[in-house]
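Enquirer: As given, the protein sequences belong to chains A, B, C and D, one line each in that order. Per the working numbering, the first sequence starts with residue 47, numbered consecutively. Per the working numbering, the second sequence starts with residue 47, numbered consecutively. Per the working numbering, the third sequence starts with residue 47, numbered consecutively. Per the working numbering, the fourth sequence starts with residue 47, numbered consecutively.
Be aware that a few hints might be false.
Copies of the same chain are indistinguishable here, so a pair counts whether it falls within one copy or spans any two.
What the hints assert, rightly or not - Here are the simulated EDC-like cross-link-like pairs (lysine to aspartate or glutamate), alpha carbons at most 20 Å apart as the crow flies: (1) 272 - 75; (2) 268 - 207; (3) 249 - 443; (4) 286 - 103; (5) 249 - 73; (6) 301 - 253; (7) 224 - 452; (8) 81 - 306; (9) 74 - 464; (10) 81 - 65; (11) 286 - 397; (12) 430 - 207; (13) 74 - 160; (14) 286 - 363.
Because the hints were derived from the structure by calculation, they are not lab data.
Protein chains: 4
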Amino acid sequence: MSYFDKIEPIRHQGPTTTDELAFRWYDKDRVVLGKRMEEHLRFAACYWHTFCWNGFDPFGYDGTFERPWQHMADPMEAAKAKADAAFDFFSKLGVPYYCFHDRDVAPEGATPRESVENLRRMVGVLGEHQQRTGLKLLWGTANVFSHRRFMSGAATNPDPEIFALAALQVREAMNATKALDGENYVIWGGREGYETLLNTDMKLELDNLGRFLSMAVEHKHKIGLKGPILIEPKPREPTKHQYDFDVATVYGFLKARGLENDVKVNIEANHATLAGHSFEHEIATAVALGIFGSIDMNRGDMQCGWDTDQFPNNIPDTALAMYHILQGGGFTSGGLNFDAKVRRQSIDPEDLFMGHIGGMDVSARALLIAAAMIEDGGLAARVKARYAGWEGELGRDIRGGTLSLDALADRTLNRNTDTRPVSGRQEALENWLNRFI
Amino acid sequence: MSYFDKIEPIRHQGPTTTDELAFRWYDKDRVVLGKRMEEHLRFAACYWHTFCWNGFDPFGYDGTFERPWQHMADPMEAAKAKADAAFDFFSKLGVPYYCFHDRDVAPEGATPRESVENLRRMVGVLGEHQQRTGLKLLWGTANVFSHRRFMSGAATNPDPEIFALAALQVREAMNATKALDGENYVIWGGREGYETLLNTDMKLELDNLGRFLSMAVEHKHKIGLKGPILIEPKPREPTKHQYDFDVATVYGFLKARGLENDVKVNIEANHATLAGHSFEHEIATAVALGIFGSIDMNRGDMQCGWDTDQFPNNIPDTALAMYHILQGGGFTSGGLNFDAKVRRQSIDPEDLFMGHIGGMDVSARALLIAAAMIEDGGLAARVKARYAGWEGELGRDIRGGTLSLDALADRTLNRNTDTRPVSGRQEALENWLNRFI
Amino acid sequence: MSYFDKIEPIRHQGPTTTDELAFRWYDKDRVVLGKRMEEHLRFAACYWHTFCWNGFDPFGYDGTFERPWQHMADPMEAAKAKADAAFDFFSKLGVPYYCFHDRDVAPEGATPRESVENLRRMVGVLGEHQQRTGLKLLWGTANVFSHRRFMSGAATNPDPEIFALAALQVREAMNATKALDGENYVIWGGREGYETLLNTDMKLELDNLGRFLSMAVEHKHKIGLKGPILIEPKPREPTKHQYDFDVATVYGFLKARGLENDVKVNIEANHATLAGHSFEHEIATAVALGIFGSIDMNRGDMQCGWDTDQFPNNIPDTALAMYHILQGGGFTSGGLNFDAKVRRQSIDPEDLFMGHIGGMDVSARALLIAAAMIEDGGLAARVKARYAGWEGELGRDIRGGTLSLDALADRTLNRNTDTRPVSGRQEALENWLNRFI
Amino acid sequence: MSYFDKIEPIRHQGPTTTDELAFRWYDKDRVVLGKRMEEHLRFAACYWHTFCWNGFDPFGYDGTFERPWQHMADPMEAAKAKADAAFDFFSKLGVPYYCFHDRDVAPEGATPRESVENLRRMVGVLGEHQQRTGLKLLWGTANVFSHRRFMSGAATNPDPEIFALAALQVREAMNATKALDGENYVIWGGREGYETLLNTDMKLELDNLGRFLSMAVEHKHKIGLKGPILIEPKPREPTKHQYDFDVATVYGFLKARGLENDVKVNIEANHATLAGHSFEHEIATAVALGIFGSIDMNRGDMQCGWDTDQFPNNIPDTALAMYHILQGGGFTSGGLNFDAKVRRQSIDPEDLFMGHIGGMDVSARALLIAAAMIEDGGLAARVKARYAGWEGELGRDIRGGTLSLDALADRTLNRNTDTRPVSGRQEALENWLNRFI
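Full structure from sequences and hints, please.
Expert: Below, the structure is given as C-alpha cells:
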C-alpha cells in the first residue's frame, strides 16, 4: 500500500475547477510558441525536500511529517520504500523529470565502500522505476555537505583526505547520473565557503575548488555524461559566506579557469534574492554571460533572511522570470526543478501534491503570459528602439573598437553640443506587462 | 579669512589627551613594521562630501551646512574659494593626499567645451595649491552620474552621444590626474546599471561598459598615467542594480576582457556591507584574486539599507580590515581615502575635523593592532597548521593536477577509511584577536 | 497653457485597450460588493512627489524633470502655477481626492509669520480649485522635517523653541485642513527619531512627542476637524531610527497616552517592508488593534534598502492588501493615497499619468479580486473552521477568563492525552488565492 | 569520568596571559562602581545550546558534536548524565547562574503525565547539584515550540487542547523555577506567530496569547515566584512573523492588558538586530518604557539573516550595550545570559569553554569601559546640555501640559523669530567613546 494511495493521478481540469488535486493551467500537451508545455517547462520534482526532510527545523526537536519510510529500521529497506513512494508521487503528479543527491536515494554506509555499494544498488532500483514509469533524471548531484566530515567543506576542506572522500562521492554520483541517463550534473557548494576568515586561507580554498571542478569536467568528458555540469550559486547558508555567491561570481571563477564552456549555472530564485538580486536578474545575467543552464523555481520569503524554499505563487514575478528564460532561448538540457518544500505545518500527503500542483500551475501560467508578451513583441520593440542609436554610425564606431578615447573626446569637444536624455518609461512598461497578467 | 580660521593644525598629543582637535593615535612618523605610519596608511580626504555636499538629503529641501562657497554667485570664484578652503583643511588635518571628481573642483559649464575649460583652469589652481602645501593627489575621477544627461548611465547609456560626452569627461579627468601627478585613476559606475530590466539590454550595456574601460586603459598607457585604474564596486544606489556589484563581479568582468592586470579595485567598506559582504571579505577576495588596489574607509550603518558613508569608529572591525590589507602586502599605489561625510546635523567647521580625526585615529589604532597581530604571528601560524595536509603528498598530488577524479576516487575506495574532522576553533581565534584590542 | 495640455482626461476603456492613457480596470461607477469603485477605493494623489520633487537624488546635482513652476522666480507665483498644474492633473486623472503638506502648496517665508501668511493665502487658492473641480482633500499635513531648523526633529527637538515652531506649523496645517474640509489629518514623524543614541535622551523625546500629539488631538476637537489624526509609521530614513517604527510600536505609544481612540494609522506599503513586515501584516495588525485608518499604496523594491515609493504593480500582492482592508470593513474616513513617485528617468508629463493610471488599475483589479475572494467565502470559512475549537467548551472557558493556570493544568494532567496537530494547508490556500488572479 | 575532565577551573590570569583557558578581564571580585564584577554582570550559561544541541543544522543530517549523553539509550539516565556534565561545566567556568527549558533538563515522556513526572524528578536532581555547587537559577522557561504538537503555536494554537497542553508545561516549569529558587521566569514565544496570514485569525491569537500571559502572571503571584516574568522579543524565526516582534511591540501588548508592571523583557542582541534595531536601542527603549529585565548577550552576524547566536566578541559594541544597562540602573533580578552556541565546527569540549570565556571577558571589559564612561561623565553631561532648553521656562510650560496648541502657536507667531539649529556633534561623541576602548 502506498503512502499516496488515496491520491488519483493529477489531471488538467481547466481554470474553473475547484478540485484542489487538479491542474488548472498546466496542460502538458497544449502548444505554446510551437512547443508542448511539457517540453517548454521540463518540470522536475526533487527527492530531498519531499521524501527525505521530515519537517525538522532548528527550533524543533523532531520532525512533523511522520512519513513511514523515515521510521524503518533497515536503511536499505527504507531507501527502497522511499523510492517506491517517490516514483508513485512523481508519476501521479505527472512531472517528466526528477532530481536527487546520492544520499537522498541511498544511505550512508559504515565505510566509504559500503556507501558506494549502497548507491550502486539503489541506482539499479531507480533504473527499474525509471523504466517502469517513463520518468527521467533531470540531474543528479552528490551531497558532500550534510555529513559531519564535511563540516568545514568538501573541495575546500583544510584536510585533503576529505577532499578525496568528496571526490569519491562525486565520481560515484556522476557515474550514477550517467547510468540513469541524467541530462545534467549539478554541483552545489553547500559548505564551500567559510564561517570565519580568521581560520581561512581563501586563495588555497579557491584554487582547490577550481581543481575539483576541473577534475569533474574531465570526468564528465571521460564518461560521456550528457549536458553540462551546473553550479548552483548561493551567497550563504549554511556557511557565513559561500564561494559561489551569485551568477556573476561563478562566471569570474569559471573564466579564470577556462571552464565557462563546460559549466553552466543552475539558478535558484531563493538564492538570487538572498544574494540581493531579483530572480530575473540572475537569469538575465546568466543569459548575457552565456552560462544559463537550469533553474530551481522556488521562492523565498522577502521578510525572512534564510532559504525558505517555497513553491512559487506570485504569477507576475514568475512570468517575468519565464520571459527572460524564453528570451534567452528557453531550456536546452536544463529544466524547471522544484527545490521546494511544503511548510512544516503541511503534514499530509495531499499537501505534497498541492504544493507541487500550485507551483506547476503558476509556472504554466507564467509560460502563457511570457509567450503572450513575446508574441505581442511590444517590449522587445521598445528596448530595441531605446538603443537604436547604437545601430547608427557613432554607435557602430564605438562598438567597433576603432575609436580611441582621445579621438572620441575630440569629436565630442568639436561637436560641443549637449544631449538631452529621454524618458525611460518604466511605468509605461510596468503597465504594459500587466496587460498580460 | 578662511572658513577654518579658528582651527589650528592638528597635532598628535597621545592617547590621554582630552583635546578634541588632536590625534590620540595617529603619529605620522611613528614606525610600525619598518615603515612610518604615514607611509602605511597613505591617508586621503575627499573633496565631494566635505566641500561640495551641503547637507541635503532626500527629506530636506535645503542643506544644513551653509558653507560660504556654496552661496557665491560666480561658479569659478566659488570653485576657487572652495579650493582655498579645501587645501586649508587638508593641510591643517595633515593628510598627505586628497581625491576629487572633475565636477567637485570645477563647475559644469554651459557647453561641453566650457566645462573642459573650467576644469583645465582649475587644474592650474589645484597644482599651485599642491606645490604650496606639498599635498598630493591620490586619485582623480570623473563625475559622470550627477548631471541629468547621465540619468540612464554614462558608458551604459542607451544613447551613444551620451557615451561620447562621458568619454570627453573621462579623458579630461585622466589628463587632469596626470597633470597633477595623481597616483591612481578611479572609475565608479554610479549609474552604470539599471532601474528596471524591462527597458534594459544588459548584454549591450555590459559590452559598452567593457569598451569604455578598454578605451580608458589604452589612454592610461598613452599618457603615462601612474598606477592602475581602479574600479569601485557597489551593488546598487543610486540605481536598483549596478554592474560592478562587488569585487568578485568586477573580477569576472575584467577577466572576460583581459583587463585584470591594468585595472584593480577601490573597495569601500559601506559598499561591501550593502553587497552582503564584510569589508574584510572584499579585501581578502581582492587580495586572493590579485586585484587589490585602494580603499574607501567609510562604514555604513548596519540597520540602514543605504550608503551612510560614516567615518569608521569601530576599532576591532577596522583592525580586521587592516590586518587583511597588511597580509596582502599593504598599499602600493593605493591608499586609505575617507569617502566619508559628517552627519547632516554636524554643521560646524569643527565637525569636519573631528570626523576625520576620529577616522584617522581609529585607522592608526587599527594599524597598530594589525601590526601586533602580524608580529605575534599566532593567527598566521594557526591557519598554516590547519591546512598543513595540503603540503603533504596527497595534497601536493591533488594540487599538482595530475590526479584524475577516477584515480583519486579509486584511491579513496581502496583506502576505505573515513576521516574525522577537527575543530575549526573559531571562538579561540576570536578570543586571540581580542588580545590585541 | 497647462503643462498637461496634450493629455485628455483619462477614461475607462476596458481591459483590451492598448491606449496607454486610459484605464483598463478602474471604472469608477462599477459596483463591487454593493458600492461604487470610487467609493471603495477613495483614491488620492499627492502633491509632493508629483509637483514638488524635481527628480533630484543624492547622487545627482540637479533634478531631471524641469517642471516649469520649479524654475519661476517668485515663490508665490510658482505656488499658484503649481496649483494650476496640480488641479489640472488631478482632474484629468479623475481621482476624487488629493493630499498635501503645508510647504508643498505654499512657500516657506522669511519669517514664521510670512510662512503662515503664505499658507493662508494658498488655502484660498486651493479652496477655489476644489470648488471649481469638485476635488476633495483626503488629508493635510505639515512638513516639519525638511527645513534645516528641523534637522534634529520637530516635536523631539532638543530645543523647545523648535518644538514651538513646529507647533505653529501644525496648528496652521490643521486649520488649513479644516478650512478645506479635509477628511483626516496626518502626522509623519520624519525626523522624530535619532541619528545616534549617544546624543539622545530617548525618554524625554518620547514624552515630548506624546505631549505634541496630545496637543494636536485637543486642537482637532477644538476646531471640529473631521476624521482622525493619522500617524504614518516608518522605521527609519531619513533618521537612523524613528519612534513610529511600525503599527505595533505606534499602538503602544498611543495606548500609553490614552490616544488610541483619536489617532489611527496611515500605513504605507514601502514603510511596512522597510520595517521587516509585509504590507498586509501591517494592515491586519492595525485592524486587529482597532487603529486602521488609511493607506499610502506605494511599494518598495525588495532589493533596495530605502524608500523607493513606487506605484504598485504586483496584482496578487495588492489584492492581498485589499482583501485585508475589506475584511477590516474597508475605508471610512481614510482612503488610498499614492505617496508614489515616477522614476527619475520618467521625465515627461505623460509619465506622471502612466504611473498613476497603472497604480489605479492595479488597485482596481486588486479590489475586484478581493471582492471575489470575499464573495466566494472559501478563505474565511477555512479560517473559521481552523479555529472552531475556540467556539467549543474548553475554548470558551479559557477565553472567558475563569480558568486559572492551575485549574487548566490539572485538567490537562488528568486528561493525560496528547493532541495531534492538523495540517495548516498553506499551499492549498495559496493555490486557492491564485484562482482569483 | 566527566566530559570536561581535562579542563581545570577557569581562573583570572590578567590581560597578558596567553592561556586560552583563563580569564583575561573577568575578575569576579574586582570592584567596579562600588560593586563586585560578579554582582554587576550576573552571568548565566544556558543548558540548551551547550548541552542539548548536537551541532545539527538544516543542511546537516547529523550533528557534529558527539557529546556522550546525546547517545545514551535511557532518556532519564541521559538527562542525569547531561546534568552532571552541565554542572561540572558551570562550576569550572565560574558563572554564578544557569538557565534552562523544561525539556532541556528532562525528557518528554510518552504521556503528559510522564513528562511532568520526568521534570519533577529532574528538579530534585538539579536542586542537589545547586546545593552541592552553589550555582543558582537565573531563570527557567518552558519549551512549548519544539514538539510537533506545537508546530502551529502554543498559546496561539488553533486548537485549545494544545493551549491546555502548553498551560500544563508552563505551570510545571514555573513551579520548577520556584522550587529551584529561580530569580525570573522567561517566556519566549517561539511559535507564537504565523507562517501565513491566509490561515490566521490574528485578533483571536493575540487575545489568546494575552489570556495565557495573564494566567501566568496570576500563577506567579499565587506561588510567590521571585522576580518578574520576562518576555523575550524576537521578530521571526522559526515563524515568518512572531507577535513579540521587538521591545516596543511587547510594550504595547502589555499595556493593552495592564501587565506592564508584572512583565518585563529579556532582550537578546541577535533578536534586536534581526528586528532592524541595534542591541543598545532595544535596551534603551526598554529602560525608557520601564520594562527592562534581563539580557541574552549573544550577537548575530550582520551578513546573515538568521539567528546565529554567537558569543559577543566586539568590545565597543558590547560596551555600548553595557553603558545603557548601567545608565538604566543595572540588573536587578535579571542577568547576563549567554544564549550562545559555539560554531558547529567547534566540536571539542575546550571550544565550549573558550566560547564562554571569550564572551565573559568581552562583557567584563565592556563593563570596565562603560564604568569609565560613567565615571568620566562627559557623555551624560553633553546630553544634559543638549536638552537644557527643556529645563527652561518654555520647556517646562510645554511639558507641564498647560499650553494648548493654539496658545503655543500664537506665542510663536508673535515672537516671529526663527531658531537656528546647533550641531549634533555625533563624530565628537563617537571619538569620545573611543577614548575608553
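Enquirer: Now tell me if each hint is right for this structure.
Expert: Consistency of the hints with the structure:
When the C-alpha separation of residue 272 and residue 75 is checked against a cutoff of 20 Å, the pair qualifies neither within a copy, at 26 Å, nor between copies, at 60 Å. In this homomeric assembly, residue 268 and residue 207 never come within 20 Å of each other (Cα to Cα): the closest approach is 24 Å inside a single copy and 51 Å across copies. Taking the closest pair of Cα atoms, residue 249 and residue 443 come within 20 Å of each other only across two copies (18 Å); inside a single copy the shortest separation is 40 Å, beyond that limit. Within a single copy, residue 286 and residue 103 get their C-alpha atoms as close as 18 Å, and across copies as close as 13 Å, so both meet the 20 Å cut-off.
Proximity of residue 249 to residue 73 under the C-alpha cut-off of 20 Å is found in neither arrangement, the shortest distances being 50 Å within a copy and 34 Å between copies. In this homomeric assembly, residue 301 and residue 253 come within 20 Å of each other (Cα to Cα) both inside a single copy, at 13 Å, and across copies, at 16 Å. Taking CA atoms no more than 20 Å apart as the test, residue 224 paired with residue 452 passes between copies only; the shortest distance there is 14 Å, against 55 Å inside one copy. Neither within a single protomer nor between protomers do residue 81 and residue 306 lie at most 20 Å apart by alpha-carbon distance, with minima of 29 Å and 43 Å respectively.
For the homomeric pair residue 74 and residue 464, neither the shortest alpha-carbon distance inside one copy (55 Å) nor that between copies (45 Å) is at most 20 Å. Neither within a single protomer nor between protomers do residue 81 and residue 65 lie at most 20 Å apart by alpha-carbon distance, with minima of 27 Å and 31 Å respectively. For the identical chains of this complex, residue 286 and residue 397 are inter-copy neighbours only, at 19 Å across copies versus 32 Å inside a copy, given an alpha-carbon limit of 20 Å. Proximity of residue 430 and residue 207 under a CA criterion of 20 Å is satisfied inter-copy only: 17 Å between copies versus 54 Å inside one chain copy.
For the homomeric pair residue 74 and residue 160, neither the shortest alpha-carbon distance inside one copy (41 Å) nor that between copies (54 Å) is at most 20 Å. In this homomeric assembly, residue 286 and residue 363 come within 20 Å of each other (Cα to Cα) only across copies, at 17 Å, whereas the closest approach inside a single copy is 28 Å.
Figure legend: structure checked against the earlier numbered hints; hints not met, in rising order: 1, 2, 5, 8, 9, 10 and 13.
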